[in-house]
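Asks: Sequence:
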Amino acid sequence: GAFVDPDAVRAAIAAARFALLGEIHDNPRHHTLQAHLLAASVAAGRAPAVVLEMLPRDLQPRVDAYLGGAGATADGFGAALGWDDLGWPDYAIYRPILDVALAASLPVVAGDTPRDERRSVARGGVAVLGKARREALQLDEPLGETADIGLLDTLFEGHCGMMPRAGLMPLVSVQRLRDATLADAMVSAVENGADGAVLIAGAGHARTDFGVPRYLRWRQPDATVVAVALVEVAEGESDPATYVGGTAELPAPYDYLWFTARKDRTDPCAELEKRFENAK
1 GAFVDPDAVR AAIAAARFAL LGEIHDNPRH HTLQAHLLAA SVAAGRAPAV VLEMLPRDLQ
61 PRVDAYLGGA GATADGFGAA LGWDDLGWPD YAIYRPILDV ALAASLPVVA GDTPRDERRS
121 VARGGVAVLG KARREALQLD EPLGETADIG LLDTLFEGHC GMMPRAGLMP LVSVQRLRDA
181 TLADAMVSAV ENGADGAVLI AGAGHARTDF GVPRYLRWRQ PDATVVAVAL VEVAEGESDP
241 ATYVGGTAEL PAPYDYLWFT ARKDRTDPCA ELEKRFENAK
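Numbering (our numbering), first residue to last: 1 to 280.
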């Protein structure tokens, strides 16, 4: 509930087994800061795996093939992975993260569940994954009523209130699958010898109440987990408490907030409304 020195945040991230750096995807400042925080951990003597939400797990062989070949560069990484076909903002704004990772020879890990798996779960729920995979990902563990409501509320707000809550239930299952898979990528990287793991992902995945940290704590309860949200300031909102979030039942959903300028963009709710209109 108070401002802290940036050095304290950098030190906390460097000391953690698992660090989560939650972004707004299209804000270049956020990726510059993620690269800065990753570089600070390297400077502190750490060599964590860099787990990317932007790459599905089935692209890991391409990641390994490119980085294991001669002449691999951060500039060439996006093209080698087919970044333009993955639906994310321009690779150029993410490149600073790869600059740090490649310069320090850090493991780079494709973190997200493949799209086909997401579609299957959206249609049939997590039951389609089979018992063994659900148990391995801790997907049968209940989040709890408050966190369940919080997750649904977040998805409802993310769709600008334009979809009924009942219609969002398949997306709840998909979100849980994605969070659990990102956590699995981080845990697996450490089990394979990485010196911790840093997650580069949307801020929603970094939430401690129902996001990736929940699964990390189930999987490795002794691990130090630090979740940072990069937060755009809003005009006229100068009270930091406005941005903290949390409820009476659950604490604020991040360990640290790092405030940034807002990126100019069109109204996402207006864009979504237009898409719904065009779909009618």
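Just so you know, these hints were derived from the structure itself, not from any lab. Since this is a predicted model, take the numbers as computed values, not measurements. Keep in mind that a hint or two might mislead.
What the hints assert, rightly or not - Below, computed lysine to any residue pairings styled on SDA-like, alpha-carbon distance capped at 20 Å:
no.	residue 1	residue 2
1	Lys263	Ser238
2	Lys263	Ser120
3	Lys131	Ser120
4	Lys263	Glu237
5	Lys131	Ala147
6	Lys263	Glu235
7	Lys263	Glu141
8	Lys131	Pro142
9	Lys263	Leu33
10	Lys131	Leu152
11	Lys263	Gly236
12	Lys131	Asp116
13	Lys263	Glu232
14	Lys263	Ala92
15	Lys263	Gly87
16	Lys131	Trp218
17	Lys131	Val174
18	Lys263	Ala122
19	Lys131	Asp90
20	Lys263	Asp116
21	Lys263	Pro89
22	Lys263	His36
23	Lys263	Gly158
24	Lys263	Gly204
25	Lys263	Ala35
26	Lys263	Ala44
27	Lys263	Pro240
28	Lys263	Pro28
29	Lys131	Cys160
30	Lys263	Asp26
31	Lys263	Leu143
32	Lys263	Arg29
33	Lys263	His25
34	Lys263	Tyr91
35	Lys131	Ser173
36	Lys263	Tyr243
37	Lys263	Pro142
38	Lys263	Ile24
39	Lys131	Pro170
40	Lys131	Glu141
Asks: Does the structure break any of the earlier hints, and which numbers would those be?
Replies: 2, 5, 7, 10, 18, 19, 20, 26, 29, 31, 37
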